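Asks: Given the sequences, and given the hints that come with them, work out the whole structure.
My numbering applies: residue 13 is where the sequence shown begins, and numbers increase by one.
Among the clues, some could well be false.
What the hints assert, rightly or not - Listed below are the simulated DSS-like cross-link pairs for lysine-lysine, each with C-alpha atoms no more than 25 Å apart in a straight line:
| # | residue 1 | residue 2 |
| --- | --- | --- |
| 1 | K281 | K326 |
| 2 | K322 | K378 |
| 3 | K332 | K406 |
| 4 | K311 | K343 |
| 5 | K268 | K281 |
| 6 | K254 | K406 |
| 7 | K326 | K292 |
| 8 | K64 | K406 |
| 9 | K269 | K254 |
| 10 | K499 | K528 |
| 11 | K559 | K528 |
| 12 | K281 | K528 |
| 13 | K222 | K358 |
| 14 | K372 | K332 |
| 15 | K292 | K378 |
| 16 | K222 | K326 |
| 17 | K461 | K406 |
| 18 | K499 | K515 |
| 19 | K378 | K326 |
| 20 | K499 | K433 |
| 21 | K64 | K372 |
Just so you know, the hints here were simulated from the structure itself, not pulled from any lab data. This structure is a prediction, so every number in the text was calculated from the model and none was measured.
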Amino acid sequence: MNKIELLSPAKNYEFGVAAINSGADAVYIGAPNYGARKSAANSITEIEKLVKYAHFFNASVYITINTLLYDNELRAAENLIYQLYNIGADAIIFQDFAILEMNLPSIKLFASTQTNNYNIERIKFLDKIGIDRIILARELSIEDIKEIRKQTKIELETFIFGALCVSLSGNCYLSRYFGNRSANRGECAQPCRNIYSLIDNKGNTIVQNKHLLSIKDLNLENYIPQLIDAGISSFKIEGRLKDIDYVTNVISYFRKKMDLILEEKKLDKTSSGKVQFNFKPDLENTFNRGFTEYFINTKQTKISSIRTPKFIGKLIGKVKSCINGNLVLDKESDITNGDGLSYFVKDTLNGIRVNKIIDKQIILDKPININPGTIIFRNFDKKFNNLLSTQPTKRKINIRFIIEQQKDELVFTAEDEDNIKISFNYIPREELALNINKQIEIIKNQLSKSGNSDFFVEDIVVNLKTVPLFKISELNNIRNQLLILLKEKRLSSYLPRSSNYKKNRVNYFEKKLDYKNNVINLLANNFYKCNGVEEIEDGFDLNPNIKNPQLMTTKYCIRYELDICLLKNSHQEKVD
Numbered sequence: 013m014n015k016i017e018l019l020s021p022a023k024n025y026e027f028g029v030a031a032i033n034s035g036a037d038a039v040y041i042g043a044p045n046y047g048a049r050k051s052a053a054n055s056i057t058e059i060e061k062l063v064k065y066a067h068f069f070n071a072s073v074y075i076t077i078n079t080l081l082y083d084n085e086l087r088a089a090e091n092l093i094y095q096l097y098n099i100g101a102d103a104i105i106f107q108d109f110a111i112l113e114m115n116l117p118s119i120k121l122f123a124s125t126q127t128n129n130y131n132i133e134r135i136k137f138l139d140k141i142g143i144d145r146i147i148l149a150r151e152l153s154i155e156d157i158k159e160i161r162k163q164t165k166i167e168l169e170t171f172i173f174g175a176l177c178v179s180l181s182g183n184c185y186l187s188r189y190f191g192n193r194s195a196n197r198g199e200c201a202q203p204c205r206n207i208y209s210l211i212d213n214k215g216n217t218i219v220q221n222k223h224l225l226s227i228k229d230l231n232l233e234n235y236i237p238q239l240i241d242a243g244i245s246s247f248k249i250e251g252r253l254k255d256i257d258y259v260t261n262v263i264s265y266f267r268k269k270m271d272l273i274l275e276e277k278k279l280d281k282t283s284s285g286k287v288q289f290n291f292k293p294d295l296e297n298t299f300n301r302g303f304t305e306y307f308i309n310t311k312q313t314k315i316s317s318i319r320t321p322k323f324i325g326k327l328i329g330k331v332k333s334c335i336n337g338n339l340v341l342d343k344e345s346d347i348t349n350g351d352g353l354s355y356f357v358k359d360t361l362n363g364i365r366v367n368k369i370i371d372k373q374i375i376l377d378k379p380i381n382i383n384p385g386t387i388i389f390r391n392f393d394k395k396f397n398n399l400l401s402t403q404p405t406k407r408k409i410n411i412r413f414i415i416e417q418q419k420d421e422l423v424f425t426a427e428d429e430d431n432i433k434i435s436f437n438y439i440p441r442e443e444l445a446l447n448i449n450k451q452i453e454i455i456k457n458q459l460s461k462s463g464n465s466d467f468f469v470e471d472i473v474v475n476l477k478t479v480p481l482f483k484i485s486e487l488n489n490i491r492n493q494l495l496i497l498l499k500e501k502r503l504s505s506y507l508p509r510s511s512n513y514k515k516n517r518v519n520y521f522e523k524k525l526d527y528k529n530n531v532i533n534l535l536a537n538n539f540y541k542c543n544g545v546e547e548i549e550d551g552f553d554l555n556p557n558i559k560n561p562q563l564m565t566t567k568y569c570i571r572y573e574l575d576i577c578l579l580k581n582s583h584q585e586k587v588d
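Replies: Here it is, written out as structure tokens:
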């Protein structure tokens, strides 16, 4: 493993381009149907445009077909995979094992985190049957990942930033149970972000009306080197439903950070090109619920956002005084007109807008009355967002031009950072330059002007015995033609890798499967039976009337979080 991937969400083509321009090595995007974010679906035409854009930079495009499928959807899903293969998509991210029984083209298959990649025996099984990559459960620690790496050869991907589900992925049925909107069908209503009360078995209310199941957002930026050492080759950012500023800011931040880490470890990124940043990325200026390292070090820490699941913002100070409904803070800040501020009154989050600043007084869009000492956050930074709405990043491929003499012709060559090159012969005018050095300077100056193209000219080599006299327009035409030809060659040179999956038959580690294995169609049923499973219960989406179902499986202990855990030195692994 000498190449490391930074993987970005893409809600649509525009978001995907923003991610690649910000430094993503790969993006994952929803297909027209069967994606785990139903509201983030895309047409084949849109995906094809993104594939072409990404492949120029040697970036990959992975397609999410990661919902459970009913029998009447199987043929359409198989046809969709062929369409995606034909437009050059690099991989399919799947949940339903029915896909493994289909007659598929040789497209890479990634086991979604929705396949519940938490149990090492299940991960070993997926490795044995030839799945190309496993997207690991977020609940795993570094030590867990090290052990998985020891016992498998498969590519390992893990989330390092973004929203967290309180339940193990694929094993949450709350939304389906309470509102008939299945998370395993891309329609989660996010009941975990609602208000709940905690009541003991005697009917005593321990906590009332709090967001008890709402978890902070994941941020493992400080663990990237250890995760690389543990065997992770793809680092994933969550957020296909977030806005485009989130994608630009977060991917830019992690691109910068990972470049330093890869340089130190003498590793490469999986894509090509270098990003020019016109702003300073800041994770605190992007939507988050506060950050947690979750279970990366095995033991649960403070991981909940109990007061609110909304974006609180970046702390900027405390109220020093409230004058005529406007604010004076206890310290200097860079607040500007149009900023959004937030604050808590008891446990209720409130928001206000800044109209203007007069001396040190913050004039608000509506007068408020809050106590001195109240903490103020900024949840909308107008200056920062204005930067993101312009052209915050630009990605270019480094190239060099070489000019050589060949009999009566000149050979112009353009060669890029991936050693892809094109050449063409050019018959110059017979008139020679009198001032050779000045003419070479003119040649280099004109050829270096790559403008708004996707290339950056880092070197020009002129190996000529005699130097012809060139018109400026001639040199511009030569440069433009070289760039067009090189771009075409780059696109035609991209070759997606083939899949390792060959419908291997390997005995599954269990003989009996319950509803939490999510089998809801005949092909998935056949897959397990062909791999040694003897008894299979219908999945919850096919049989929601199961008696006393376990609606959620989680490592999160509410009592532990509230410092009222019944166990002293450990905490519960499961809450039903």
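Asks: Does each hint fit the structure? Answer for all of them.
Replies: Here's how the hints hold up against the structure:
{"no.": "1", "hint": "K281 with K326", "verdict": "violated, 31 Å"}
{"no.": "2", "hint": "K322 with K378", "verdict": "holds, 21 Å"}
{"no.": "3", "hint": "K332 with K406", "verdict": "violated, 42 Å"}
{"no.": "4", "hint": "K311 with K343", "verdict": "violated, 37 Å"}
{"no.": "5", "hint": "K268 with K281", "verdict": "holds, 12 Å"}
{"no.": "6", "hint": "K254 with K406", "verdict": "holds, 21 Å"}
{"no.": "7", "hint": "K326 with K292", "verdict": "holds, 15 Å"}
{"no.": "8", "hint": "K64 with K406", "verdict": "holds, 17 Å"}
{"no.": "9", "hint": "K269 with K254", "verdict": "holds, 21 Å"}
{"no.": "10", "hint": "K499 with K528", "verdict": "violated, 49 Å"}
{"no.": "11", "hint": "K559 with K528", "verdict": "holds, 13 Å"}
{"no.": "12", "hint": "K281 with K528", "verdict": "violated, 37 Å"}
{"no.": "13", "hint": "K222 with K358", "verdict": "holds, 12 Å"}
{"no.": "14", "hint": "K372 with K332", "verdict": "holds, 11 Å"}
{"no.": "15", "hint": "K292 with K378", "verdict": "violated, 31 Å"}
{"no.": "16", "hint": "K222 with K326", "verdict": "holds, 22 Å"}
{"no.": "17", "hint": "K461 with K406", "verdict": "holds, 16 Å"}
{"no.": "18", "hint": "K499 with K515", "verdict": "violated, 38 Å"}
{"no.": "19", "hint": "K378 with K326", "verdict": "holds, 21 Å"}
{"no.": "20", "hint": "K499 with K433", "verdict": "holds, 10 Å"}
{"no.": "21", "hint": "K64 with K372", "verdict": "violated, 51 Å"}
In this structure, the hints that do not hold are numbers 1, 3, 4, 10, 12, 15, 18 and 21, in rising order.
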